[in-house]
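In the numbering used here, the protein residues as written are 2 to 170.
Just so you know, these hints were derived from the structure itself, not from any lab.
None of the hints are false.
So the derived label-pair ranges between C-beta atoms look like this: (1) PRO70 / GLU107: 22 to 30 Å; (2) TYR5 / GLU107: 38 to 46 Å; (3) ASN129 / THR77: 38 to 46 Å; (4) GLU149 / THR103: 38 to 46 Å; (5) LYS82 / ASN34: 16 to 24 Å; (6) PRO131 / THR77: 42 to 50 Å; (7) ASN81 / GLU132: 36 to 44 Å; (8) SER138 / GLY83: 33 to 41 Å; (9) THR89 / SER42: 20 to 28 Å; (10) ARG30 / ALA51: 19 to 27 Å; (11) ASN124 / GLY94: 39 to 47 Å; (12) GLU27 / THR110: 18 to 26 Å.
Straight-line C-alpha distance at most 30 Å; calculated DSSO-like pairs for lysine-lysine: (13) LYS96 / LYS80; (14) LYS82 / LYS59; (15) LYS104 / LYS80; (16) LYS82 / LYS104; (17) LYS82 / LYS96; (18) LYS59 / LYS96; (19) LYS80 / LYS59; (20) LYS59 / LYS104.
C-beta: ideal position from N, C-alpha, C; glycine also.
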Amino acid sequence: MNLYQRLGFLVLGSRLRRISDSFLSEITRAYQNEGVEFDASWFPVFYLLAENDSLSIKELSEQTEVSHPAASQLITGLKNKGLVTTTTCADDGRKQLVTFTTKGRELLTRVQPVWDAILLSMNEVMNNEPECKKLLSAITALETAFQETNLAERIDKHLVNSLKLSDHE
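All chains, please: the whole structure from these sequences, using the hints.
See below:
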């Protein structure tokens with residue numbers, strides 16, 4: 002058992018980050034192997050725009066569950082690369098609608114086969130390890146638990162209780 006496995010929840014964030022970094026590194030390498038310049042952080046925007054003709058930055062922010070400024074910053078980066086464009090919504094002048102440029106659509110057609118291959122590959126990996134089959138539902142359950150629980154508050158409560166116990170000793 003390695004350090005991370007032994008320490009359990011004390012290093013949960015570190016383990017998740019290590020897994021994420023490793024996974025994203027492999028995904029980036031897969032894009033590079035295909036000669037596709039695509040940053041994995043663009044995936045949610047590309048996926049959502051592939052499903053919709055256009056979306057507002059607010060809609061992208063809500064659907065990807067990131068702050069409006071973070072979504073706006075990502076869109077600005079994609080605009081600077083010539084992959085998306087924004088136009089003012091005719092119904093609401095405050096709304097910026099995001100759509101693919103021709104260059105963005107061309108990149109989309111190159112990344113979609115990679116997405117399909119990622120899904121097939123991950124299904125193979127998951128099917129080879131019975132415990133892995135529970136991963137996505139476990140992550141969803143953990144996300145829900147964190148949304149419903151103020152973890153810092155719980156930690157504070159336990160600290161206060163342990164301080165009270167040590168004061169009585």
